[in-house]
Amino acid sequence: MRIITRSFERKCRQGVKSVGCTVGSLLFAMQLVGCVTQTDPAELLLLTPESAQNRAMQIRLFETENQVELLSASAAVLQDLGFQIEESVLEVGFLRATKERSAREYGQDIGRFFMFILSLGKYYMPVDLHQKIAATLVVRPIKESQTRREVRIMFYRVVWKGEGHSDNQTIPPGEQKMEMIRDPVLYQQFFAKLSKAVFLEGFTI
Amino acid sequence: MSIVSTLRIPATTIKGISLALGLNLTLLLHGCPMPYEWRHEGQWNSQDQIWLSEQSQVKLRAAQSRVFDTTDRRRTLEGIVATLQDLGFIIEVVDEDLGLISGKKFVPLEGRNFGTDHSYHLYNDQRLLIFTKAYRSWGPFLHRSDLVRLTVSVRQRNETQLVVRASAQFYLRAIEDPVPYQQFFRALEQALFLEAQRVP
Amino acid sequence: MTDPRRWGVVVIAGVLALHGCTTPQPKPDLLAPTEAQMKIRSMQTREFDVKDRSEAMRAVIAALQDLGFIIERANEPLGLVTAERFAEPNYFDVLGITVTVRQETPDRMMIRANAIYNNLPIEDPKVYQNFFATLQRSLFITKE
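In order, the protein sequence lines correspond to chains A, B and C.
With this note's numbering, the residue at position 71 of the first sequence is 71, and numbering never jumps.
With this note's numbering, the residue at position 117 of the second sequence is 117, and numbering never jumps.
With this note's numbering, the residue at position 130 of the third sequence is 130, and numbering never jumps.
Pulled out of the complex, with its shape left as it was, chain A reads as follows:
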């Protein structure tokens, strides 16, 4: 979608003023709000203020020496939530689990319907169709304390769109969007369930 947005922008800038252009701008107005800024690669490996915040959200400490139990309980909690285990590397305490679900949203269906009418049947907007929700989990001993382990989990999802068409041209499916899940409530819920499963209170860093 954003690639198309770009080309629309370009076309508009080039002065190709047409109905299509106006409609196009309208269509992607929502996307344009979050205008794409180029990131300097040199800054990509720098810690940002959000890093510390995310860290605190994603990590809980548990008073246990039993890494296997923590991992096994985490896997059980993830299984409870419908996740499928994709990879497990016990030596570094790493687990990866995913679930694939439908991503169809009514709002988008309605939006597409109105766009279809407004564009007089010329534009059939691709909508979100499929998503892969993933969690990576790492259990790590804490250096200065032999009896504690930290559990860090990160949730994120990748969403793919289906196909559409615009002016008899098919828009191929498969456009992808990724999203890190930064909703603290979700992380709290996960750790609450994990605490219950290991009969231990998890505490924040």
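Keep in mind the hints are simulated off the structure, nothing from the lab.
We put the beta carbon where it would ideally sit given N, CA and C, even for glycine.
Mixed in with the good hints, there may be bad ones.
Computed, partial: chain B to chain A, Cβ under 10 Å [claimed, not checked]:
id, residue
1, W38
2, Q43
3, S102
4, F106
5, V107
Mind docking chains B and C on chain A? Use the hints.
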């Protein structure tokens, strides 16, 4: 009919309304999801899929878990691997220490009318991020609903029992129907020569 | 075919076609390290006073997670970690990183990072400095 007669709406208006309705319906059908899209369940916010409500968690757990009167994890795991192989699953994860086994299998449900889709085989589903910046196709997408995934975990219940839990994903959903699990556990019972009990 | 212009078109088309036919030949040094690569390698590599390899790997994973990476693979026997992320807030560009951990001497660990930005290796030394600074913290600075 009675409403029309009591309200005394002129016939032309009714004709107009029905025409508008008909037009709307056609447009609706056009602007609506294709059959393949229809088969994806809709929701207001797709982020809701990340979590699962407590009720469905409890329901799922009951359907998916069985207790075995054994403490031999190794043998149980071997039995599970054998059962998965019998069922035609490709095993991807076996972790003996964590008691985890996970596999996948493809049940062709979609896209048969187009013949073989070669791009599908180029798609590496083990990668978390699939970067298709310019190239797009139905490749993985028309087939993702074909993917069946199954994760089986073995955990100690008490000194004499193990809990085996099997959870499966089919057509972009978690299988909630207890029957497929019953069949799985029957096959596992035969592989282990043990009777399984429901979790009380 | 008497029209000379037609012949011109044919000749031009032929020349163009021939041009398109030559495949680029691999240079003899395709698989040989160049000087520039050697320079990058020294930027990408750092040694740390750590005895335990799995501890070093866990620190690498933690550092990458702090930087917002998604861990894709972690292979303990090979000492290999691969991770990926989008160049947020921009979701077009992709940043991948492969980190290898090797036991140099019994109490020193050699850690090498290869960062790739949209399939091209990053050659900016600052990027690697930043990464190793984060790793340093993850390895040695005690939390809380």
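Could you check if V107 (chain B) really has its C-beta closer than 10 Å to a C-beta on chain A? At 14 Å from the nearest chain A Cβ, V107 (chain B) fails the 10 Å test, so the hint is violated.
Classify the hint on W38 (chain B) as holds or violated, based on whether any CB of chain A lies nearer than 10 Å to its CB. Holds, because the Cβ-Cβ distance from W38 (chain B) to chain A comes to roughly 9 Å (cut-off 10 Å).
Was the hint right that Q43 (chain B) lines chain A, CB cutoff 10 Å? holds, 6 Å
Can F106 (chain B) be said to touch chain A, with a Cβ gap under 10 Å? Check failed: Cβ of F106 (chain B) comes no nearer than 13 Å to chain A, outside 10 Å.
Hint check: is the beta carbon of S102 (chain B) less than 10 Å from a beta carbon of chain A? This hint holds: S102 (chain B) lies near chain A, its Cβ roughly 4 Å from the closest one there, short of 10 Å.
Checked against the numbered hints above, the structure breaks hints 4 and 5 and satisfies the rest.
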